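A.B. asks: Using the sequences provided together with the hints, build the complete structure.
Per this note's numbering, residue 539 is the first one in the sequence shown, and the count goes up by one each step.
Calculated from the structure, these hints are not laboratory results. Some hints could be false.
[As the list claims (entries may be wrong)] Per label pair, the in silico range of CB-to-CB distance:
1. A556 <-> E607: 56 to 66 Å
2. G559 <-> L580: 54 to 64 Å
3. A548 <-> D570: 30 to 40 Å
4. Q574 <-> A605: 30 to 40 Å
5. Y560 <-> L602: 45 to 55 Å
6. R573 <-> I598: 22 to 32 Å
7. A546 <-> L588: 57 to 67 Å
8. A546 <-> E582: 29 to 39 Å
9. V565 <-> Q614: 45 to 55 Å
10. M599 <-> L577: 23 to 33 Å
11. A613 <-> M566: 35 to 45 Å
The structure presented is a predicted model; accordingly, all values stated were derived computationally and were not measured. Cβ coordinates follow ideal geometry from the N, Cα and C atoms, glycine included.
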Amino acid sequence: MAALRRWALALLRGSVPAAIGYLLWVVMESGDEKRQQMLKELPEANPEVLAERRYHNRLIMAALREAAETNENVAQRPVPWRK
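C.D. replies: Here is the structure:
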């Protein structure tokens, strides 16, 4: 009888953390679905903004590439610089 009681207690002690972990997983998963839906509805998801962001990233990468290839300090150039 005592052995059965110890087994039941051990099973209970082992299942409580697993149940709490599962509940946390369910809560986080439902929040992730809401977050994914919200990200789809953001205005940054439209093609015009994405194209503008890609163009801006290309300009930044070109400036970084030029800075890496030259020995001069490109940060000291006048602000509206052109290639």
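A.B. asks: Take the hints in turn and mark each one as holding or not.
C.D. replies: Each hint, compared with the structure:
1. A556 <-> E607: 56 to 66 Å: Since A556 and E607 have Cβ atoms about 57 Å apart, the given range 56 to 66 Å holds.
2. G559 <-> L580: 54 to 64 Å: Violated, since G559 and L580 (Cβ atoms, about 31 Å apart) do not stay within the stated range.
3. A548 <-> D570: 30 to 40 Å: The hint (30 to 40 Å, Cβ to Cβ) holds, given that A548 and D570 are roughly 34 Å apart.
4. Q574 <-> A605: 30 to 40 Å: 37 Å, holds
5. Y560 <-> L602: 45 to 55 Å: Given a distance of about 47 Å, which is inside 45 to 55 Å, the answer is holds.
6. R573 <-> I598: 22 to 32 Å: This hint holds: roughly 28 Å between Cβ atoms.
7. A546 <-> L588: 57 to 67 Å: Holds - the Cβ-Cβ distance for A546 and L588, about 58 Å, lies within 57 to 67 Å.
8. A546 <-> E582: 29 to 39 Å: For A546 and E582 the Cβ distance comes to about 55 Å; the hint is violated.
9. V565 <-> Q614: 45 to 55 Å: 53 Å, holds
10. M599 <-> L577: 23 to 33 Å: Roughly 25 Å apart at Cβ, these two residues keep to the hinted range, so it holds.
11. A613 <-> M566: 35 to 45 Å: Hint holds: Cβ distance 43 Å, inside 35 to 45 Å.
Violated hints, listed in ascending order, are 2, 8; each of the other numbered hints is respected by the structure.
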